[in-house]
Amino acid sequence: MTVTELKPHECAIVSDVTAQDQETERLKSMGVCVGRTVQLIKKGDPLILKVFGSRIGVSARLADYVHVVPCTPTTC
Amino acid sequence: MIATLKKCHGGESKKPATPAAGERSFTIALTGNPNAGKSSLFNLLTGLRTRTGNFSGTTVEYHVGRLKINDTEINLVDLPGMYSMHAVTTEERVARDVLQGDAADVQRPDAAIVIVDADNLERNLFLVSQMLELGLPIIVALNMVDVAQRHEIYVDTEKLSAEIGCPVMPIVAKSGKGVEALEGWLEDLARDGFTQPAPKPIEHVPACAKCASCKYGWRYSWAEEAVSRCVKTPGVAKGRVTERIDRVMTHPIGGLAALFFIMTTVFYLIFSVATVPMDMIDMLFGTLGAWVSNVIPAGDLRSLLVDGIIGGVGGVLVFLPQICILFFFLAVLEDTGYLSRAAFVLDRIMRRFGLPGTAFVPLVSAHACAIPAIMSTRVIHDPRDRLIAILVAPLMTCSARLPVYTMVAALLFADRPEFAALLFIGAYMLGIVAALTTAFVLRKTILPGESKPLVMELPGYKIPSLRTVLLTTFDRAKIFVQQAGTIILVISIILWALATYPKSDPPARSLDLEQQAVAMAAQGDTEGAEALTREAKHETSRYALEHSFAGSLGKLIEPVVAPLGFDWQIGIGVISSFAAREVIVSTLSIVYGLGDDVADDNPEGLYGKLMRATRSDGTPVFTTATAVSLLIFYVLAMQCLPTQVVTMRETGSWKWAAIQFGYMTVLAYVAAFVAYQGLHLIGIA
Chain A
1 MTVTELKPHE
11 CAIVSDVTAQ
21 DQETERLKSM
31 GVCVGRTVQL
41 IKKGDPLILK
51 VFGSRIGVSA
61 RLADYVHVVP
71 CTPTTC
Chain B
1 MIATLKKCHG
11 GESKKPATPA
21 AGERSFTIAL
31 TGNPNAGKSS
41 LFNLLTGLRT
51 RTGNFSGTTV
61 EYHVGRLKIN
71 DTEINLVDLP
81 GMYSMHAVTT
91 EERVARDVLQ
101 GDAADVQRPD
111 AAIVIVDADN
121 LERNLFLVSQ
131 MLELGLPIIV
141 ALNMVDVAQR
151 HEIYVDTEKL
161 SAEIGCPVMP
171 IVAKSGKGVE
181 ALEGWLEDLA
191 RDGFTQPAPK
201 PIEHVPACAK
211 CASCKYGWRY
221 SWAEEAVSRC
231 VKTPGVAKGR
241 VTERIDRVMT
251 HPIGGLAALF
261 FIMTTVFYLI
271 FSVATVPMDM
281 IDMLFGTLGA
291 WVSNVIPAGD
301 LRSLLVDGII
311 GGVGGVLVFL
321 PQICILFFFL
331 AVLEDTGYLS
341 RAAFVLDRIM
351 RRFGLPGTAF
361 VPLVSAHACA
371 IPAIMSTRVI
381 HDPRDRLIAI
391 LVAPLMTCSA
401 RLPVYTMVAA
411 LLFADRPEFA
421 ALLFIGAYML
431 GIVAALTTAF
441 VLRKTILPGE
451 SKPLVMELPG
461 YKIPSLRTVL
471 LTTFDRAKIF
481 VQQAGTIILV
491 ISIILWALAT
501 YPKSDPPARS
511 LDLEQQAVAM
521 AAQGDTEGAE
531 ALTREAKHET
541 SRYALEHSFA
551 GSLGKLIEPV
561 VAPLGFDWQI
571 GIGVISSFAA
581 REVIVSTLSI
591 VYGLGDDVAD
601 DNPEGLYGKL
611 MRATRSDGTP
621 VFTTATAVSL
631 LIFYVLAMQC
641 LPTQVVTMRE
651 TGSWKWAAIQ
661 FGYMTVLAYV
671 AAFVAYQGLH
681 LIGIA
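Residue numbers (the numbering used here), protein chains in the order written: chain A, 1 to 76; chain B, 1 to 685.
In isolation and in its complexed conformation, chain B is listed as follows (with noise of 0.2 angstroms):
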């Protein structure tokens, strides 16, 4: 086999390459320094061919491309940035195994393309000199040749090329500049069979004896003659620019007034820009209803089709737009070098509560969606702060919350716009401070410590890329939506499922008022007629509802949240929204006997109807008391299956997702509880 013939030293390869009956297929590993440009090198090389996986036992993600170069097939696999071959974090490890052969998921490469920064060549040379100890053909791309021009880096390629042994060409992978050249070593490669000599590792010379203390010295030594050997650098200070932003951006008032300000625009745009492609999606699925409605016979499937499956897939991926917009927004901050900055300026702040800088970024993104959120704190390296951040970000006020408030601000202040506005602050403060708290307890209790101290580069400022930032946007949301395909697809069915059996028998009153319509009609009066029709309908489905096994569970519940001022009917929406929170207002609709139309077309209609709504003794259900009990037991509360699901993802078992679950529905219970009855005791009810 054509894979093992190019073996060197380093014992066998582990997993052979197998390639498929008449085609040759070949892994190449794309490695290098974080902020080298590997990504958008990725990229330019694959487009969209490519497939995204965790490594086993990990979240940390590859990303495969499928080359073809004439009948050969290439593998490109873009590893995790790494500074060094003794890894430190999960991500150094998992991709100093794969260069080793050592992975389960990937085949040891047949070869692998190291990309180096020509601005930062001595640092990034230290990582060459050790996967020229691999015993696999090597290329340098040498990379952001233009930036280092523009700073006066000129690199003799050639000499540098001599110095190391292996193949180096100059390329600028943000505009595909010089990549022709790479692929056509690619393609000698294929040609060759892969057979092509591994580099000669660089002899270790220890400097001097106190460097013999450090296994980094004599590499470093190396990298520094190496680049004094072959870079022309008349001594022109690197990096004014990148100096010169710094100096606010990682000033401790002026950088945090610069994060303000940028955040408070991203989140802006979210929720303005975002209204136009939410309100086409919101309509392309009730258009999607309506069809359905219009095809398929009234029934059971009818009803999973449209009220089960349009209904809640469509109720989660509304909030797509919103997510795309933010991993939008965070790829271009991240890609310009500015999101080490945000993390740089928090540090010391994030830090007295237990979480590290590089938290912040997750836990204001959890403010549009705690999914995204989740997903986005890989980029915090310690597992511990990872797992913290994790377990506090859903406490953040998302997207899906903001029906409910809206709700309960109509329910209090319906006339009082400014309070209004207050009741939200509060609310948005409410989650903010709750998650802090968690956070500083956790340290205390179950994962005691410290974070992490901060060791983070910050790269040079540069223009994003928008390919790169439009395709990690792209990734994100495939991941989203598979998500939303799979696991929010069965959520939404049994919970449909949970509403609508066991089916009932329409209500005696509904068949009165129906009976009392058609004599109407007869009489003539026939929008009489409709709307006690309407009225008819509406006391069917909340007939239906109260019976099926999501009211039976309201009622069971319903001794174990009275103590909240809830009655079974909030109970019922409170399981309904599990698969996403807004789920409660259209679901308290029908409960309370108004249909689920008035809650889309006419919500002022549904919060005048639902204030007048009654208990069984005739009292109201929405006292002051009770508003705020739900507000406060919304904002705290795990109501959210699908983050549950990426929790359990994200940190690999079940057990802290059932921790967060916990945690959050005790602390949401105990906090409404305080509120409901201290109102109570002072007379506010």
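One chain only, chain A, in its complex shape (with noise of 0.2 angstroms):
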């Protein structure tokens, strides 16, 4: 599933990003590259990604490209 299905607030892991662009050299240099633990903290377009300590705006055609697996349980 890709981080645009997560439910607010739900957490997971980023299995794969797939596309390589600036856009998304960017995004995974912000941190939401693979093996990093990323949550939903807005649903819509642009969507609110929490990484670390950080609030990242994303637009979601560009979100649609970070795949992810939710944590279990799905808080973090």
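Keep in mind that a hint or two might mislead.
In silico BS3-like pairs for lysine-lysine, Cα to Cα no more than 30 angstroms straight-line [what the hints assert, rightly or not]:
#: 1; chain 1: B; residue 1: Lys215; chain 2: A; residue 2: Lys7
#: 2; chain 1: B; residue 1: Lys462; chain 2: A; residue 2: Lys42
#: 3; chain 1: A; residue 1: Lys43; chain 2: B; residue 2: Lys215
#: 4; chain 1: A; residue 1: Lys43; chain 2: B; residue 2: Lys462
#: 5; chain 1: B; residue 1: Lys232; chain 2: A; residue 2: Lys42
Here's a subset of chain A near chain B, in silico, CB distances under 7 angstroms, partners left out [what the hints assert, rightly or not]:
#: 6; residue: Gln22
#: 7; residue: Arg26
#: 8; residue: Leu27
#: 9; residue: Cys33
#: 10; residue: Val34
#: 11; residue: Lys43
#: 12; residue: Ser54
#: 13; residue: Ser59
#: 14; residue: Leu62
Everything labelled a hint here was simulated from the structure, so no lab data went into it.
These numbers were taken from a predicted model, which means no experiment stands behind them.
Just so you know, even glycine gets a beta-carbon here, dropped at the ideal spot from N, CA and C.
Two chains, two frames, some hints: make the complex.
Now the structure itself:
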């Protein structure tokens, strides 16, 4: 599943980022990269992800490339 | 040379420091993530002893501040914020080049201060891990320890220092806490001649097979582990207040309402508070002009100084208070963290027109003045997105258009204030619609593609630092004044020369009037004599302008502008208003023989006389159709050379300034033509 399909405040581990352009590079350098835990703060377009201590606003069309595996339990 | 002694791996330093005789000079780079507090620390360390430059070939700014420790001079270079040395944006590329010693403008630093946000340590340590590989002495300034402590994050700085192998100093850049220790470190470094060994890079341990596909993975794994070893976090969720505020600020409807409220307040303040200093500047230049008139005898020199330079530069500098207030509030909004929310809520709407959400602030700023607006497009990362924002920004109604709108409103609806208000709203709307449509069209034609998707950090809200805000405002204002001092000065002189030369003798009618005045004065009617003398003066200046280069140009372009309902007098007005649009009001005043004093002292009188101004065939000049056409022309036309210069500077070529001028002029011409001819067709003349 992609990060856009998470429920609000659900946490997940990034399993893949399936695009390689400037914007996804930027996303990765901000922490949205394989193996990291992300939390969906706000659904919609753009949506808000939380990685480590920072919130990142991301266009939905870009977030669609971010594949995740939800954490169990779903909070973090 | 000392600077080359401290070499480490990574090859020869490309530009070794070249200290002046007897003095040692070093360069230290200040780097870190965006929003980590870099500028606050820089301002704290250097104060006003800074200069701002552009990295060559880019519009990315850098600030250099001078520190003097004993007899050692230290140049502190404030680099643009960066997330990673795998640079993605231009800012990041430039910062990386400086750190690696590849920059043309800044010598390779002798050491680097990496500012790290204690409240977001993992992400910030990622960059630190890359800095360790530079082979430079590094110090980590652990900023915002106060905020982190409020979030119950306690960083063991000694453990962290051992973990990363370089000094870590806890500071609060906003209040200056802990900064002495940092200065002490600089002092030590300076005393040793920057011979401290560079820290060891961390070991590259691929955490898992999957992570190997992502070059960032192992660094983040390291950062997480390092943090888990030296931070005591009881697991309290961070940034609750920020999240609560964001529930409103990033809400699709609530966020827009908040944005509307905030921007309305800012603009109310721009237009209300600014009037006091604007009047003062106006008065100052008036007094200066009067003083020069007294000191220097009448002649070309006096005219050049008073009408050309003082009048011209003063006419543009009068907008400085508005620009300062605009920059002040933008800096406040940025420092609180709000600006990124504005871009966030608008991104979806703006994208339909081919603009990113980050273009919003520049386009709103353009309603005060296009120059600061174009300067502030630097927040837009993508060059193409930025170019579109620059090209359309001058379509927004800036302050300099307001005197023109006021004049047209007075011509059309002298006694109907409600219609005048509608006319203003209509003119503003026309500018906005034209800008968004143009952006859309540019996306379909010469700058194809979609705007880049949003990726933007939403930093935690904080109370802005007055110091940072004031220094930013001062810095921007300085750039504006420097522009006024150079390019606007040149433009003012050229336009003055066009309106002054070739000189002509006073016309027969003026001489007649003067003789009559003398006769009247002899009969004791001093009032009548004064009125006649004034009229003679007005006739002389009208005649002089008509026969100047500007007048010839006006007549030359008359056939071109005639289909818009303009006569050659308005043509002169259009030409003369290239320095600043509002100049057309005083030019029209002169060219219709009313003298330039009416424009300032008695605008109602001016409007009344303009309404009665006639063409050579006796028909009135300012019919409804002509007034509407003039209004539309001024909403859309690129009547501002200073803006053009800034466009050129920010895009790096005359090409885009020329395209901007070209499309706006064509747009203005066609729209004014359609309006004038259309109104004629339906019988409104």
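Now the hints, each set against the structure:
| no. | hint | in the structure |
| --- | --- | --- |
| 1 | B:Lys215 x A:Lys7 | holds, 29 angstroms |
| 2 | B:Lys462 x A:Lys42 | holds, 21 angstroms |
| 3 | A:Lys43 x B:Lys215 | holds, 28 angstroms |
| 4 | A:Lys43 x B:Lys462 | holds, 24 angstroms |
| 5 | B:Lys232 x A:Lys42 | holds, 28 angstroms |
| 6 | Gln22 | holds, 5 angstroms |
| 7 | Arg26 | holds, 5 angstroms |
| 8 | Leu27 | holds, 5 angstroms |
| 9 | Cys33 | holds, 5 angstroms |
| 10 | Val34 | holds, 4 angstroms |
| 11 | Lys43 | violated, 11 angstroms |
| 12 | Ser54 | holds, 5 angstroms |
| 13 | Ser59 | holds, 3 angstroms |
| 14 | Leu62 | holds, 4 angstroms |
The structure does not agree with numbered hint 11 stated previously, though it agrees with all others.
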